[in-house]
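Trainee: Protein sequences appear in the order of chains A and B.
With the first sequence counted from 1, adding 4 to any position gets you our numbering.
With the second sequence counted from 1, adding 4 to any position gets you our numbering.
Quick caveat, the hints were computed from the structure, so don't treat them as lab data.
Among the hints, a few may not be true.
A pair holds if it fits inside one copy or across any two, identical chains being indistinguishable in the list.
[What the hints assert, rightly or not] DSS-like cross-link-like pairs, simulated, lysine-lysine; straight-line CA separation at most 25 Å:
| hint | residue 1 | residue 2 |
| --- | --- | --- |
| 1 | LYS383 | LYS243 |
| 2 | LYS341 | LYS303 |
| 3 | LYS63 | LYS28 |
| 4 | LYS427 | LYS60 |
| 5 | LYS365 | LYS14 |
| 6 | LYS82 | LYS53 |
| 7 | LYS459 | LYS68 |
| 8 | LYS60 | LYS289 |
| 9 | LYS427 | LYS318 |
| 10 | LYS68 | LYS13 |
| 11 | LYS137 | LYS28 |
| 12 | LYS365 | LYS104 |
| 13 | LYS405 | LYS82 |
| 14 | LYS427 | LYS341 |
| 15 | LYS150 | LYS104 |
| 16 | LYS325 | LYS63 |
| 17 | LYS68 | LYS53 |
| 18 | LYS60 | LYS475 |
| 19 | LYS325 | LYS68 |
| 20 | LYS203 | LYS446 |
| 21 | LYS63 | LYS289 |
| 22 | LYS341 | LYS318 |
Number of protein chains: 2
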Amino acid sequence: MSELGITVKKSENFAEWYSQVVLKSGLADYAPVHGCIVFREYGYTIWEKIQRILDKRIKELGHKNVYFPLLIPEALLKREVEHFEGFEPEVAWVTMGGDKSLSEKLAIRPTSETIMYYMFSKWIKSWRDLPLKINQWCNIVRWEIKSTKPFIRNTEFLWQEGHTCHETYEEAEEEVMTMLEVYRDLIENYLAIPVIVGKKSEGEKFAGALYTTTLETIMPDGRALQMGTSHHLGQNFAKAFDIKFMGRDGEHHYVWQTSWGVSTRLIGAIVMVHGDDRGLVLPPKIAPIQVVIIPIYYKEEDKHTVMEYSIDVKRELEEEKIEVLLDDREERTPGWKFNEWELKGIPLRLEIGLREVRENKVTIFRRDLLKRIYVEREKLITTVVHLFEDIHKTLYERAKKMLNELTTEVDSLEEFKKTLEEKGGFIVVKWCGELECEESIKAETGATVRVIPFKQRPVSGKCFYCGRPAKYIAYFARAY
Amino acid sequence: MSELGITVKKSENFAEWYSQVVLKSGLADYAPVHGCIVFREYGYTIWEKIQRILDKRIKELGHKNVYFPLLIPEALLKREVEHFEGFEPEVAWVTMGGDKSLSEKLAIRPTSETIMYYMFSKWIKSWRDLPLKINQWCNIVRWEIKSTKPFIRNTEFLWQEGHTCHETYEEAEEEVMTMLEVYRDLIENYLAIPVIVGKKSEGEKFAGALYTTTLETIMPDGRALQMGTSHHLGQNFAKAFDIKFMGRDGEHHYVWQTSWGVSTRLIGAIVMVHGDDRGLVLPPKIAPIQVVIIPIYYKEEDKHTVMEYSIDVKRELEEEKIEVLLDDREERTPGWKFNEWELKGIPLRLEIGLREVRENKVTIFRRDLLKRIYVEREKLITTVVHLFEDIHKTLYERAKKMLNELTTEVDSLEEFKKTLEEKGGFIVVKWCGELECEESIKAETGATVRVIPFKQRPVSGKCFYCGRPAKYIAYFARAY
């Protein structure tokens, strides 16, 4: 098993541990293309689960799925100046079709605002066409110059991007906040990862946005990870793309816009936050397999008895819509299977041997606590359902504890730097909110403003860095 | 309504009729990128329906969804020579990342064999790793030099591509045929389009395949449309990519492979085959909205009565999982709504006015026959369910009739040319099966072998074109 299992400890070599878990659990593999991975079936199934949860919510809120072209003509991408400046360094350009050079180069979408909004200006005429609320699930390419990491930062990734147009600033703002809450619910209540919600600073907002709201959290190595964003675009793009409507007042107005997205990066966060020295630990709500059954017998004559009981248990679980796999491979020992399914992070393992059959019970091993319990067969379903809830809660609480431990409030630049070097994590400070100040902090320390939480307490006194009056409590960190 | 409705007849100007239906029904819009369209919500929802049907079948058959990179290094694309020669003319190339030229240009996938099989060679070691059965839903770019047409031929389109590896030739062949049958079932039993199933000729098979099986049909303008293909790749790619396994016999063997796919082209076929002079006509099983309810009242005092009854009817249909929309817009007249939903091809329209309420009945208009019936309220559900079946059958039979009318058996080149010019459609001939012969026919007439049907009758005599002994009954046509 040694070459199959994880050979380093999470606490000792986090980067290596992460790579091993991603590769060995079968989530992904490195592709022979700059910064790209293959989403293998196990990793892709987690994405499908996330998609199903989110797609349902997105549609319930009245958005419709669409699909826009992958390729964006350079002139369109340039229309909104700040947007182009923000994305230009990471655009992959198509310059040839067949053996011919193109007269205008085409960007592979780094995000779809520009190609979409060009079309919106054709479609929107009147207030009756508003709100326009669409979403698309697609691939995105950003030519990464920073070092890449599977799921966390790849040249190509998968995401959903929602785009909406509204009559008023307030309606757009409500949309921004509604979708941020949808994301929070997904991340906290399905992925079991606690997040800090708030606004981005001027220096960190989306290129072209009025303001950006975000969900941020801390990975076990002390680096921050942005989990999703929801942008109020104001009328910046509407003006660049001339998206106007005839209002209820009979006058022409520019629309107010939002865009919002989460990506396959979420899978990386699940691995980093919940994984342990044995490998993945998956929250039950997004585990491709929720329960694995291992039949255990040492004599051929016991096989029938154990298998019959195991198949029956499987059927019972399936009737309750629980995703279950009966591992009946004969070429593998039970111990080998235990290791493999622990590496793959299956929430519950049922061990069924002669004793279980004889006593009409089931041995249940929970992956999060690495503990066994022994339950009556008639309590199987209620126990499993209860354990799913308890595993989710345990994972969430454990992650919350880590988040708290990796959040440090400081008053001075000296403490800021010391915390950053020794511990990392979120560093909470009183801050002035000025662009110039955050740029200096970044240059001097490598830390950026991750989030200005919506939950603020009254702030008085001076900015920890520049001494100007403090405006906010802000969370800084080095980030992925 | 005139500018909203279709202004040409399908029988008089098919190309213009098609464009108008696609645009005005809201299926798609032209994008400002060479040969690309925007899949608008109505068109994309049809794709989602097709995906749901097919994805379920694909998974039931043991395939797993995955996602491979969009970009393929040139050297990989070149590994299988025939494959590269086939696709090279239509590859879009990425040559720049940010402001840097790439040392090796990257192809946007025109199909994913090469990038996938490079990985397969790393993953497959033993017969225990076989069969490997994966599928991916993704976007594809082929730089089209032929004229493009929404859904039918676009620079970028959406599809699924399945890829499998097997121990034996026979097992791969079984996979090829299983998936072909899945496609036939989808196309005939959900999209209501009859197809001819069979093999491709040497000249028309997939670049790099041993042989290609196909589903072909005829559009109302007499041109053939390939609806889906399933390829036996033999060991061609296995040898180019060195995909070997340790067999049960302890020896190393190359795997046997298949690949198969259908694309968003299917949406174009639905429009072309079933549409009429009023617009789209959608088969009930893939219609985004299956029933639209139009409340009809002329006095404000009747509104409450009619709306209450309409809402109640809606609820009843929804309880039966029927997808229903109650069009309660007050700014539009019932007549305007009739036209709009006919244009959008909704299978059934319920008209509910005072008379319906008073008599506890419902007026049902079926889109395919443009006919009304008047039914008891308590027979609503059984009638709707029956009508869905009958509409499907009617559409299928109508398409089958067209297919038969556009299929002509001929004996001589003279008749072949005459039929091709005057009528188009499938031209059925006795044919020798030689590559050289099909190339000459193509050069002389513009027609290609579309399919050599599996259902053959005993063939004797000479090839209609070259006079060599005839081997097959083959279907020729000019194709999209």
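Trainee: Indicate, hint by hint, whether the structure satisfies it.
Mentor: Status of the hints after comparison with the structure:
1. Neither within a single protomer nor between protomers do LYS383 and LYS243 lie at most 25 Å apart by alpha-carbon distance, with minima of 62 Å and 54 Å respectively.
2. Only within a single protomer do LYS341 and LYS303 lie at most 25 Å apart by alpha-carbon distance; the minimum there is 18 Å, versus 72 Å between protomers.
3. For the homomeric pair LYS63 and LYS28, the shortest alpha-carbon distance between copies (24 Å) is at most 25 Å, but the shortest distance inside one copy (36 Å) is not.
4. In this assembly of identical chains, LYS427 and LYS60 lie within 25 Å of each other by CA distance neither inside one copy nor across copies; the values are 40 Å within and 48 Å between.
5. Within a single copy, LYS365 and LYS14 get their C-alpha atoms no closer than 35 Å, and across copies no closer than 69 Å, so neither meets the 25 Å cut-off.
6. When the C-alpha separation of LYS82 and LYS53 is checked against a cutoff of 25 Å, the pair qualifies neither within a copy, at 36 Å, nor between copies, at 36 Å.
7. In this assembly of identical chains, LYS459 and LYS68 lie within 25 Å of each other by CA distance neither inside one copy nor across copies; the values are 32 Å within and 43 Å between.
8. Taking CA atoms no more than 25 Å apart as the test, LYS60 paired with LYS289 passes in both settings, with 15 Å inside one copy and 20 Å between copies.
9. In this homomeric assembly, LYS427 and LYS318 never come within 25 Å of each other (Cα to Cα): the closest approach is 46 Å inside a single copy and 60 Å across copies.
10. Taking the shortest alpha-carbon separations for LYS68 and LYS13, neither the intra-copy value of 45 Å nor the inter-copy value of 31 Å comes in at or below 25 Å.
11. Taking the shortest Cα distances, LYS137 and LYS28 sit within 25 Å of each other only across copies (20 Å), while inside one copy they are farther apart (40 Å).
12. Taking CA atoms no more than 25 Å apart as the test, LYS365 paired with LYS104 passes in neither setting, with 70 Å inside one copy and 64 Å between copies.
13. For the homomeric pair LYS405 and LYS82, neither the shortest alpha-carbon distance inside one copy (45 Å) nor that between copies (52 Å) is at most 25 Å.
14. For the homomeric pair LYS427 and LYS341, neither the shortest alpha-carbon distance inside one copy (37 Å) nor that between copies (65 Å) is at most 25 Å.
15. Taking CA atoms no more than 25 Å apart as the test, LYS150 paired with LYS104 passes between copies only; the shortest distance there is 15 Å, against 32 Å inside one copy.
16. In this homomeric assembly, LYS325 and LYS63 come within 25 Å of each other (Cα to Cα) both inside a single copy, at 23 Å, and across copies, at 17 Å.
17. With identical chains, the CA atoms of LYS68 and LYS53 are at most 25 Å apart both within one copy (19 Å) and between copies (14 Å).
18. Neither within a single protomer nor between protomers do LYS60 and LYS475 lie at most 25 Å apart by alpha-carbon distance, with minima of 39 Å and 54 Å respectively.
19. For the identical chains of this complex, LYS325 and LYS68 are inter-copy neighbours only, at 19 Å across copies versus 28 Å inside a copy, given an alpha-carbon limit of 25 Å.
20. Taking the closest pair of Cα atoms, LYS203 and LYS446 come within 25 Å of each other only inside a single copy of the chain (18 Å); across copies the shortest separation is 63 Å, beyond that limit.
21. Taking the shortest Cα distances, LYS63 and LYS289 sit within 25 Å of each other both inside one copy (20 Å) and across copies (20 Å).
22. Proximity of LYS341 to LYS318 under the C-alpha cut-off of 25 Å is restricted to the intra-copy arrangement: shortest distance 17 Å within a copy versus 52 Å between copies.
Hints 1, 4, 5, 6, 7, 9, 10, 12, 13, 14 and 18 from the earlier list are contradicted by this structure; the remaining hints agree with it.
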